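A.B. asks: Chains A and B, in that order, give the protein sequences.
Each residue of the first sequence is one higher than the last, beginning at 1 in our numbering.
Each residue of the second sequence is one higher than the last, beginning at 1 in our numbering.
Just so you know, these hints were derived from the structure itself, not from any lab.
Careful: at least some of the hints might be erroneous.
Each computed DSS-like pair below joins lysine-lysine, with the alpha-carbon atoms no more than 25 Å apart [unchecked claim]:
no.: 1; chain 1: A; residue 1: Lys172; chain 2: B; residue 2: Lys28
no.: 2; chain 1: B; residue 1: Lys22; chain 2: A; residue 2: Lys172
no.: 3; chain 1: B; residue 1: Lys118; chain 2: A; residue 2: Lys172
no.: 4; chain 1: B; residue 1: Lys79; chain 2: A; residue 2: Lys222
no.: 5; chain 1: B; residue 1: Lys103; chain 2: A; residue 2: Lys219
This one's a predicted model, so the numbers in the text were calculated from it and none came from an experiment.
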Amino acid sequence: MPKKLLLSVCASALLFNGVAKADEIFTTVFNVFESKKSETILVLSAADGRVYKTFKSEENLKRMKSLVGQIVRLDYTVVQGDEARINAIRPAVPGEVDPKVVDLNHFRYNELRLVAPTDFQSMEEVENIFDNFLNDGDKGRSECFKRAHIWSYDMWSKLNVTSEKIFIFWTKRFSLLEDYEWWFHVAPMVKVNGTEYVLDSTFFKKPVTVETWRNYFMKSDKITCPIVDKYQDYESHQWNRLCYLMKVPMHYFRPYDIEDRDKKGIERNHWVLDELQDARRSFWGWDKKYEGLDSGKPTKKH
Amino acid sequence: MKKLIIALVALSSMTAFAHEIKGTLILKGSLKSKIVVNNIKTTCKIKIEKVKNLLEEDAYGNPGYDVKTNISLDGSDSKTSKKVKYSKTQQFNNMLTVNGQKKVSDFDYLGEDGSTMKIDPNGRIKKVTFPFEGKNITCSF
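Build out the structure end to end from the sequences listed, making use of the hints.
C.D. replies: Written out as structure tokens, the structure reads:
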């Protein structure tokens, strides 16, 4: 073997051993999609929201598509970065995993699913997450609810962090008299030792308390913004308050989804792929970073 | 049963203490009325120039309004050549102090110099009282 090739093989082996990590997961295959960027097939796992990759071939695509909606055991290796390569995938054997015990599909409502926000032990951990948020710094490119949705999804799928979303709703009175063009703003929120911190990396350089976040947008520390549970509490009190705060599970995308919950009883504790497909466009390079979040249907515009 | 009634009465009286405004918005624009000042027929004009939120709440969470108002008097007596001239622009707000406590009112406003203004539930000005030459002038609409 030529010396150069030998060195190259050794270096590759070292590198591979240094970063590669094999693991397995029981999950529901939620979506299978042919990559347009690489010679891979993208498999969206509904248990953890991660996109797993496998080689592209007609036969493999057919096989992967046959697994859509099925509970599978998926063996994978994480290679450089956070790319997860499928080593093996097969339908789970009956009795191998209990869907009532293991939450296998976060793209479907599950009445047993708890969505309490993660309570961190140290501020440093949260600051670290915040610092690694995707942030183009371009507010004109996207709307806050889309950025908040992808941040929430990233935290959940990459770090297993359950966040909440905090909405601030401005009343007609505030919008009219202050000549303010927005009627709501939203950002993800987590807890640190029981205290809530808003992670709004478009407007802040670090996680901030709800009070700081609210005061920034109200331009005053003398306005309280009542925290309400129902959308109607905001909707029907447009003149005697300037703003309201609402805390909802991370899965709620738009204010209309909260309205649907409170008026029609449509609960959310699951992700909706069409919404993620739409939200991902908030960021530059979305087509590479979030290629797997694609339903194959035209992107919805809001 | 008696206890329950007492509890309900107590609860309803507690609710009565809660002070929640409607947030009546004062209408912009100007109003005129005729009055007599120093025996001179005078036009009293009130102009609401700008309405903003005070960005401050009372103890019940009610936010106040901040209203830029111009009050003017204009009158003259051709026989005596006496004139009444007055024009002042000032801020009014509806964050009043009642028994030492700040309380937002739907219908009552107080100006910087102690002038008062009353509006109706539709936001129309009903009455403005302001100091002029050592006495209070009231314009009604």
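A.B. asks: Please name the hints from earlier in the document that this structure breaks, with their numbers sorted from lowest to highest.
C.D. replies: Going through the list in order, the structure violates hint 4 alone and respects the others.
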